[in-house]
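A.B. asks: What follows is each chain in one-letter form.
Number of protein chains: 2
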Amino acid sequence: MVAELQGLRVMGIDPGLTRCGLSVVQGGHGRSVLPVAVGVVRTPHDAPLSVRLLRLSSAVEEWMDDYRPDVVAIERVFERGNVSTVMNTAHAVGVLMLAAARRGLEVHQYTPSEAKKALTGNGRADKRQMTSMVTRILGLAEPPKPADAADALALAVCHCWRAPFIARTAELGQASRVRGGTTPEKTRSGRR
Amino acid sequence: MVAELQGLRVMGIDPGLTRCGLSVVQGGHGRSVLPVAVGVVRTPHDAPLSVRLLRLSSAVEEWMDDYRPDVVAIERVFERGNVSTVMNTAHAVGVLMLAAARRGLEVHQYTPSEAKKALTGNGRADKRQMTSMVTRILGLAEPPKPADAADALALAVCHCWRAPFIARTAELGQASRVRGGTTPEKTRSGRR
Numbered sequence: 001m002v003a004e005l006q007g008l009r010v011m012g013i014d015p016g017l018t019r020c021g022l023s024v025v026q027g028g029h030g031r032s033v034l035p036v037a038v039g040v041v042r043t044p045h046d047a048p049l050s051v052r053l054l055r056l057s058s059a060v061e062e063w064m065d066d067y068r069p070d071v072v073a074i075e076r077v078f079e080r081g082n083v084s085t086v087m088n089t090a091h092a093v094g095v096l097m098l099a100a101a102r103r104g105l106e107v108h109q110y111t112p113s114e115a116k117k118a119l120t121g122n123g124r125a126d127k128r129q130m131t132s133m134v135t136r137i138l139g140l141a142e143p144p145k146p147a148d149a150a151d152a153l154a155l156a157v158c159h160c161w162r163a164p165f166i167a168r169t170a171e172l173g174q175a176s177r178v179r180g181g182t183t184p185e186k187t188r189s190g191r192r
Numbered sequence: 001m002v003a004e005l006q007g008l009r010v011m012g013i014d015p016g017l018t019r020c021g022l023s024v025v026q027g028g029h030g031r032s033v034l035p036v037a038v039g040v041v042r043t044p045h046d047a048p049l050s051v052r053l054l055r056l057s058s059a060v061e062e063w064m065d066d067y068r069p070d071v072v073a074i075e076r077v078f079e080r081g082n083v084s085t086v087m088n089t090a091h092a093v094g095v096l097m098l099a100a101a102r103r104g105l106e107v108h109q110y111t112p113s114e115a116k117k118a119l120t121g122n123g124r125a126d127k128r129q130m131t132s133m134v135t136r137i138l139g140l141a142e143p144p145k146p147a148d149a150a151d152a153l154a155l156a157v158c159h160c161w162r163a164p165f166i167a168r169t170a171e172l173g174q175a176s177r178v179r180g181g182t183t184p185e186k187t188r189s190g191r192r
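So the sequence lines, in the order shown, correspond to chains H and L. For the first sequence, position 43 matches number 43 in the numbering used here, and the numbering has no gaps at all. For the second sequence, position 47 matches number 47 in the numbering used here, and the numbering has no gaps at all.
Keep in mind the hints are simulated off the structure, nothing from the lab. Among the clues, some could well be false.
Take a look, some chain L residues computed to stay more than 12 Å from chain H by CB distance [unchecked claim]: (1) Thr18; (2) Pro35; (3) Arg42; (4) Ser50; (5) Trp63; (6) Arg68; (7) Gly123; (8) Lys127; (9) Leu138; (10) Trp161; (11) Glu171.
Now the stretches of chain H that chain L is said to cover, found in silico as 3 or more residues with beta-carbon under 8 Å [claimed, not checked]: (12) 18-24; (13) 29-40; (14) 157-165.
Since the structure is predicted, the reported quantities are computational estimates derived from the model, not experimental observations. C-beta atoms are modelled at their ideal positions from N, C-alpha and C, and glycine is treated no differently.
Let the hints inform the model, and build the full structure from the sequences given.
C.D. replies: What follows is the structure, given as C-alpha cells:
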C-alpha cells in the first residue's frame with residue numbers, strides 16, 4: 001500500500017469564490033513530493049452567485065481532466081469572519097466536492113491547523129513559515145504566490161504525508177471488521 | 001411582461017443535505033398558482049459528504065429535466081443552529097445553484113421571513129400558518145408533508161408573486177441605464 005502511495009497524485013484546493021487556489025502534486029519516495037501545477041481561479045464579484053459557481057465548477061473540472069488526480073484534499077471551512085464570505089466559500093466547497101464525486105475521487109478535508117501541523121510541526125505556524133516550508137519541500141525556485149496558491153500546495157503535501165496513515169488505519173479497520181473485532185496483535189502491528 | 005409571467009414555471013427549493021424539499025408550481029391568472037410537483041430528496045447520513053452532494057445533484061438535475069422550470073427560488077441559508085448542519089446545507093446550496101446555472105436558469109434567494117411575509121403578510125408566521133396558506137393557495141386536498149416539502153412550495157409561490165415586481169424593477173433599471181439616468185416619469189410609472 002505504501003509503495004502504491006508513492007505515486008499518489010493529489011489535488012489540493014484552498015476553496016473560495018473570489019479566489020480559489022488549485023494545486024496538483026505527486027508523491028515521490030519517502031517524504032519527497034513533486035510539484036505538478038499550481039494556480040488560482042477567480043470569479044467576478046458582480047456576476048450572479050449561480051454563474052460564479054458554474055465558472056468555478058468548469059475551471060476545476062478542466063484541471064481534473066488535464067491533471068487526472070487520484071484524490072482531492074480540500075480545506076475545511078469554518079464559521080468565522082465575514083458571514084457572506086463564509087457562505088460563499090461553503091457554496092464553492094459544494095461544487096468542488098461535486099466535481100470530485102463525479103469522477104469517483106475521494107475527498108479529504110483538513111483544517112488549517114492540521115495542514116500547519118503536518119508541514120511545520122506547529123498547528124499555529126504563520127503564513128510566512130508555511131510558505132517557506134512549501135517552497136522547500138517542493139524544491140521551488142521561489143515562494144508560490146498568491147497565498148491561496150501556497151495554501152493549495154500545502155493541503156496537497158499534507159495529504160501526501162498523511163495518506164499512508166489514513167490507508168493503514170482503513171486497512172486496520174477493515175481487518176478488525178473481517179475478524180469481528182480488533183485483535184491486540186493487529187493493533188500492535190498497525191502501530192509499528 | 002406580466003402576461004408572460006402568468007405561465008411562469010417555478011422550482012422552489014428548501015435546501016438541505018439530509019432532506020431537501022423540491023417543488024414545481026405554475027403561475028396562473030392574477031395571483032393563482034397551480035401545483036405541479038412536490039417531494040423530498042434524502043441522502044444517507046453515513047455516506048461521504050462528496051457522495052451525498054452527488055446524489056443530491058443527480059436528483060435535482062432529474063427534476064429539472066422532468067419538469068423544465070423557467071426559474072429557481074431557493075431559501076437563503078443563515079449561520080444559525082448546528083454549525084455542521086449549516087455548512088452541509090451551504091454545500092448543498094452550491095450544487096443546487098450549479099444545476100440551475102448549467103441550464104441557464106436564474107436563481108432567486110429568499111429569506112424565510114420574506115417567504116412568510118409574501119404568503120401570510122406576516123414575516124414571523126409560524127409553520128402551521130404557512131402550511132395552511134400553502135394548502136389554500138394551491139388548492140391542495142391536504143397539507144403537504146413533510147415540512148421541507150411545504151417550505152419548498154412556499155418558496156415557489158413566493159417567487160411567483162414577486163416575479164412581476166422583480167421584472168418591473170429590472171425593466172426600470174434597464175430603461176434608466178439606456179436613458180443614462182432614472183427619469184422621474186419612468187420611476188413614477190414603475191411604482192403604479
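A.B. asks: Tell me the hint numbers this structure goes against, listed in increasing order.
C.D. replies: 4, 12, 13, 14
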